Amino acid sequence: MFPKYFAIGAINAAIAIALGAFGAHGLEQKLTEHYLDIFETGVRYHMYNALGLMLIALFAKQIEAGKLALNGGRLILTGMIIFSGSLYVLAVSGYSKLGMITPIGGVAILAGWTCVIIAAYKKMKITK
0 MFPKYFAIGA INAAIAIALG AFGAHGLEQK LTEHYLDIFE TGVRYHMYNA LGLMLIALFA
60 KQIEAGKLAL NGGRLILTGM IIFSGSLYVL AVSGYSKLGM ITPIGGVAIL AGWTCVIIAA
120 YKKMKITK
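Numbered continuously in numbering that gives the first Met the number 0, the sequence shown closes out at residue 127.
Derived by calculation from the structure, the hints in this document are not laboratory data.
From a predicted model like this one, the values you see are computed outputs, not experimental measurements.
The reader is advised that the hints may include incorrect statements.
Unchecked claim - List time: in silico DSS-like cross-link candidates among lysine-lysine, alpha-carbon distance up to 25 angstroms:
id : residue 1 : residue 2
1  : Lys96     : Lys3
2  : Lys122    : Lys3
3  : Lys66     : Lys122
4  : Lys96     : Lys29
5  : Lys66     : Lys121
6  : Lys3      : Lys66
With the sequences and hints as input, model every part of the structure.
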């Protein structure tokens, strides 16, 4: 899990930086303040979860976490794509119905972090 998810997290961090720069410089004159805020929210959560994937990869290697941490990483990655991706498309297109799938991404992210928390707790309990 370590090298793959660390790399995926790093790639997504780079994408978030590129999209943030694009939003700040390329979309500034094209979108309203409302849609720029939506785009920025997508970038912010994209970066948070990219860094989170990198930390999970380090954590999983450190404690030799199993499938639960791996599934947590998968859920976070999926949720990040749905959550941030839907916000990017919403901001650029103005298609408001797309906002209905954004919470699905948020729930996937929360479920992923819950898996990571449980994996850490289980490992902590075993080592006591």
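These are the hints, each one checked on the structure:
| no. | hint | in the structure |
| --- | --- | --- |
| 1 | Lys96 with Lys3 | violated (34 angstroms) |
| 2 | Lys122 with Lys3 | holds (22 angstroms) |
| 3 | Lys66 with Lys122 | holds (12 angstroms) |
| 4 | Lys96 with Lys29 | holds (21 angstroms) |
| 5 | Lys66 with Lys121 | holds (12 angstroms) |
| 6 | Lys3 with Lys66 | holds (14 angstroms) |
Checked against the numbered hints above, the structure breaks only hint 1 and satisfies the rest.
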